[in-house]
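Asks: In order, the protein sequences belong to chains A and B.
Note that this note's numbering gives residue 145 to position 145 of the first sequence, counting from 1, and the numbers run on in steps of one.
Take the position in the second sequence, starting the count at 1, then add 183; the result is the number in this note's numbering.
Calculated directly from the structure, the hints in this document are not laboratory data.
Some hints here could point you the wrong way.
Pairs of lysine to any residue residues, derived as SDA-like cross-links and limited to a Cα-Cα distance of at most 20 Å, are as follows [as the list claims (entries may be wrong)]:
{"#": "1", "chain 1": "B", "residue 1": "746", "chain 2": "B", "residue 2": "735"}
{"#": "2", "chain 1": "B", "residue 1": "677", "chain 2": "A", "residue 2": "79"}
{"#": "3", "chain 1": "B", "residue 1": "276", "chain 2": "B", "residue 2": "323"}
{"#": "4", "chain 1": "B", "residue 1": "680", "chain 2": "B", "residue 2": "670"}
{"#": "5", "chain 1": "B", "residue 1": "320", "chain 2": "B", "residue 2": "264"}
{"#": "6", "chain 1": "B", "residue 1": "671", "chain 2": "A", "residue 2": "79"}
{"#": "7", "chain 1": "B", "residue 1": "531", "chain 2": "B", "residue 2": "743"}
{"#": "8", "chain 1": "B", "residue 1": "763", "chain 2": "A", "residue 2": "79"}
{"#": "9", "chain 1": "A", "residue 1": "183", "chain 2": "A", "residue 2": "168"}
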Amino acid sequence: MSQKINIAPEAFEYMEKVTGAGGVEVKVNLPKEKIEKINSICDAFGNDPGELINVLHEAQHAFGYIPAEIQDIVAHNLHMPVSQVYGVVTFYTFFSMTPKGEHPVSVCTGTACYVRGAERVLEEFRKELQLEVGETTPDGRFSLNCLRCVGACGLAPVVLVGEKVYGRVSPDGVKAIIEEYKK
Amino acid sequence: MIELTIDNKKVWVEEGTTILKAARNAGVEIPTLCHFELCGMGIESKPGGCRICVVEVEGRRTLAPSCMTEAQHGMVIHTHNTRVLNARTTVLKLIISDHPLDCLVCAKSGQCELQNLAVQFGIRSQPYEGEQSRYRKDTSPSIIRNMDKCIMCRRCEMMCNEVQTVGALAAVNRGFMSVVAPAFEMNLEDSPCTYCGQCVSVCPTGALTEADHTNEVIRALSDPAKTVVVQTAPAVRAALGEEFGLPPGTLVTGKMATALRELGFDYVFDTDFSADLTIMEEGTELLQRLQRHLAGDPDVRLPILTSCCPGWVNFFEHNFPDLLDVPSTAKSPQQMFGAIAKSYFAEKIGVSRKDMIVVSIMPCLAKKYECQRNEFKVDGNPDVDYSISTRELAAFIKQANIDFLNLPDGDFDDPLGESSGAAVIFGNTGGVIEAACRTAYELYTGKTLEKVDFHVLRGMEGIRSATVDFDGLQLNIGIAHGLGNARKLLDEVKAGKSHYHAIEIMACPGGCIGGGGQPFHHGNSEILNKRVAAIYTEDKRKEIRKSHENPSIVRLYGEYLGKPGSHKAHSLLHTEYFPKSNEVWLMSQ
Numbered sequence: 001m002s003q004k005i006n007i008a009p010e011a012f013e014y015m016e017k018v019t020g021a022g023g024v025e026v027k028v029n030l031p032k033e034k035i036e037k038i039n040s041i042c043d044a045f046g047n048d049p050g051e052l053i054n055v056l057h058e059a060q061h062a063f064g065y066i067p068a069e070i071q072d073i074v075a076h077n078l079h080m081p082v083s084q085v086y087g088v089v090t091f092y093t094f095f096s097m098t099p100k101g102e103h104p105v106s107v108c109t110g111t112a113c114y115v116r117g118a119e120r121v122l123e124e125f126r127k128e129l130q131l132e133v134g135e136t137t138p139d140g141r142f143s144l145n146c147l148r149c150v151g152a153c154g155l156a157p158v159v160l161v162g163e164k165v166y167g168r169v170s171p172d173g174v175k176a177i178i179e180e181y182k183k
Numbered sequence: 184m185i186e187l188t189i190d191n192k193k194v195w196v197e198e199g200t201t202i203l204k205a206a207r208n209a210g211v212e213i214p215t216l217c218h219f220e221l222c223g224m225g226i227e228s229k230p231g232g233c234r235i236c237v238v239e240v241e242g243r244r245t246l247a248p249s250c251m252t253e254a255q256h257g258m259v260i261h262t263h264n265t266r267v268l269n270a271r272t273t274v275l276k277l278i279i280s281d282h283p284l285d286c287l288v289c290a291k292s293g294q295c296e297l298q299n300l301a302v303q304f305g306i307r308s309q310p311y312e313g314e315q316s317r318y319r320k321d322t323s324p325s326i327i328r329n330m331d332k333c334i335m336c337r338r339c340e341m342m343c344n345e346v347q348t349v350g351a352l353a354a355v356n357r358g359f360m361s362v363v364a365p366a367f368e369m370n371l372e373d374s375p376c377t378y379c380g381q382c383v384s385v386c387p388t389g390a391l392t393e394a395d396h397t398n399e400v401i402r403a404l405s406d407p408a409k410t411v412v413v414q415t416a417p418a419v420r421a422a423l424g425e426e427f428g429l430p431p432g433t434l435v436t437g438k439m440a441t442a443l444r445e446l447g448f449d450y451v452f453d454t455d456f457s458a459d460l461t462i463m464e465e466g467t468e469l470l471q472r473l474q475r476h477l478a479g480d481p482d483v484r485l486p487i488l489t490s491c492c493p494g495w496v497n498f499f500e501h502n503f504p505d506l507l508d509v510p511s512t513a514k515s516p517q518q519m520f521g522a523i524a525k526s527y528f529a530e531k532i533g534v535s536r537k538d539m540i541v542v543s544i545m546p547c548l549a550k551k552y553e554c555q556r557n558e559f560k561v562d563g564n565p566d567v568d569y570s571i572s573t574r575e576l577a578a579f580i581k582q583a584n585i586d587f588l589n590l591p592d593g594d595f596d597d598p599l600g601e602s603s604g605a606a607v608i609f610g611n612t613g614g615v616i617e618a619a620c621r622t623a624y625e626l627y628t629g630k631t632l633e634k635v636d637f638h639v640l641r642g643m644e645g646i647r648s649a650t651v652d653f654d655g656l657q658l659n660i661g662i663a664h665g666l667g668n669a670r671k672l673l674d675e676v677k678a679g680k681s682h683y684h685a686i687e688i689m690a691c692p693g694g695c696i697g698g699g700g701q702p703f704h705h706g707n708s709e710i711l712n713k714r715v716a717a718i719y720t721e722d723k724r725k726e727i728r729k730s731h732e733n734p735s736i737v738r739l740y741g742e743y744l745g746k747p748g749s750h751k752a753h754s755l756l757h758t759e760y761f762p763k764s765n766e767v768w769l770m771s772q
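Please put together the full structure from these sequences, using the hints given.
Replies: Here is the structure:
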């Protein structure tokens with residue numbers, strides 16, 4: 001089973017052959033700004049392999065997702081195998097290799113939220129947005145994900161849209177939440 | 184020291200010892216699946232993941248994983264009461280519930296640690312139903328990944344990352360979906376994998392196995408139009424016997440030659456012959472570089488690195504693409520043999536190149552990839568057609584119903600079967616550079632080397648350094664085995680801080696005797712030590728112990744190649760290296 005890697009279309013806009021260390025001919029498939037951005041993130045953390053998770057957090061924040069090429073650059077800068085970077089990216093649900101929507105919807109399915117009906121809330125989002133977990137709508141407006149615990153178990157079940165937190169969400173309330181962002 | 188009780192036995196151990204080790208010290212065996220250790224070599228993996236090794240500690244509510252739990256003073260431990268055995272059985276059944284039950288046709292059958300445990304525990308049913316892991320099979324020139332059979336012990340990940348620092352494999356995804364894979368779950372072939380095969384040598388199940396080429400060899404043997412020539416690497420003779428129940432360290436050189444003849448090979452030759460040839464070429468190159476260096480030539484690259492090990496070649500091509508001019512250009516003994524067999528020898532017996540098949544028996548999986556490299560082909564015809572491992576040869580001998588243990592000793596054929604003791608020690612870490620020293624000393628000083636044993640170059644430490652006296656010239660020698668150790672020496676070279684004149688590197692712990700194609704050692708480093716001793720014994724038994732004194736080598740140069748380093752020798756026996764990237768999309772700095 002192989003993971004499908006989606007590379008942003010703009011990745012192909014900028015493509016040139018350059019000569020790397022030791023006369024190796026290599027391709028760079030990322031826009032210059034993105035390379036500069038990820039390099040500056042790595043630099044900010046001293047290119048320290050121990051800071052991998054922090055670097056990936058920043059990258060996820062800056063790009064909305066962490067495509068293979070970004071992982072490659074991170075691995076290169078932090079002097080670690082890209083397989084280990086990929087291992088961390090695929091371990092944490094916070095990191096994504098597909099571009100998230102403009103309004104990323106995250107339904108908490110941690111223990112407390114699950115017990116209080118997160119599954120039915122999630123089902124309602126899937127129906128309303130016509131999305132499977134991990135997918136993004138074709139217009140790029142919404143994406144749907146699960147996450148494990150945001151530390152607001154008293155408000156279970158919890159839904160996040162972007163950084164806004166919705167507590168005690170019931171399946172009936174799902175439509176209203178989506179409407180807020182459709183305008 | 185602390186005192187504890189294990190199965191009613193009083194045991195004293197150092198503070199900080201795990202229960203598992205304390206029990207093993209006391210002769211109490213606790214089964215494990217994920218825990219792996221090569222004692223004395225600093226290689227250990229204990230992710231505490233399989234939970235097979237649980238024991239009961241009196242006063243503790245839950246069972247304790249013995250590999251992860253420190254022994255405490257006064258502990259009372261039970262390793263095989265009903266509660267423990269029930270728990271182990273349940274854990275084992277849960278592991279098996281996501282494992283294919285195709286043992287009859289599995290490459291690892293009979294050697295599988297999971298299968299052995301299922302036998303030991305008398306598992307007769309598989310009560311748990313549920314989802315099954317399904318991964319695509321990944322076939323590379325040397326290694327096959329069949330991750331349906333992975334039990335996430337993560338030994339391969341430890342070998343690949345911590346010991347070898349190759350970083351091809353990592354645990355990816357989470358929970359039920361987790362698996363050990365290359366980045367982006369790409370093919371192993373596209374990853375920085377060096378094919379050293381150390382992942383295969385520690386895999387408890389059939390998840391990682393060698394690409395088996397025995398059938399291709401059988402097909403060649405059954406074709407009357409083909410002249411099939413076989414070569415056997417030095418390390419094979421010191422380990423093959425283990426597959427037939429002989430104690431580790433038993434030399435089976437003679438039985439192996441007889442078995443190969445019985446299998447139908449037309450000529451039974453020895454890679455040791457071409458190891459002598461390697462010394463002639465590599466030793467000459469070392470002396471030439473050294474003499475230029477001593478003459479003050481600023482362009483000469485020192486240290487010179489050995490290039491016999493294909494895993495190592497892959498490693499530096501991937502990780503040190505800017506140092507490709509440092510290793511010797513000499514081909515490995517396997518490839519030198521192929522080149523000479525399909526030229527000099529083929530001409531001698533009047534067989535055309537395309538009608539000759541060269542098979543190699545190797546302790547190594549990277550050799551499979553090496554013989555498929557394009558630069559080792561002439562018009563698409565490879566110098567070495569197939570490379571099979573020590574394990575594959577053993578299986579082939581068993582398949583042919585040959586009574587290996589009662590075979591009479593045979594000899595290798597002439598002329599590519601004659602070898603010196605210097606060639607035999609190629610199988611051990613330190614052996615190649617010792618062999619090179621035996622020849623280079625005499626060529627450099629013009630004097631006879633009386634004591635051929637260079638004990639300073641021997642040993643099992645991961646990185647060794649020694650100074651060898653060439654009649655006043657102090658030669659600094661570095662030796663590393665295991666690619667992680669090699670990386671440290673290479674980083675020094677890259678930084679311009681290396682004080683060595685020559686460095687020997689072997690990818691596998693212990694050298695070829697610990698290769699990825701050898702009989703499984705199951706973490707018993709004593710087996711490796713015994714193989715090492717066997718190789719040095721074989722060296723001692725040889726009448727000729729210096730490569731340049733091998734009469735067949737002398738004849739080969741006289742009749743065919745001219746001098747070491749000649750134009751003809753260069754075209755047949757030397758190669759070039761190619762930069763490979765570790766990144767999928769490497770960026771410029």
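Asks: Indicate, hint by hint, whether the structure satisfies it.
Replies: Okay, the hints, checked on the actual structure:
| no. | hint | result |
| --- | --- | --- |
| 1 | B:746 with B:735 | holds, 14 Å |
| 2 | B:677 with A:79 | holds, 15 Å |
| 3 | B:276 with B:323 | violated, 31 Å |
| 4 | B:680 with B:670 | holds, 14 Å |
| 5 | B:320 with B:264 | violated, 40 Å |
| 6 | B:671 with A:79 | holds, 14 Å |
| 7 | B:531 with B:743 | holds, 11 Å |
| 8 | B:763 with A:79 | holds, 16 Å |
| 9 | A:183 with A:168 | violated, 23 Å |
When held up to the earlier numbered hints, the structure conflicts with 3, 5 and 9 and fits the remainder.
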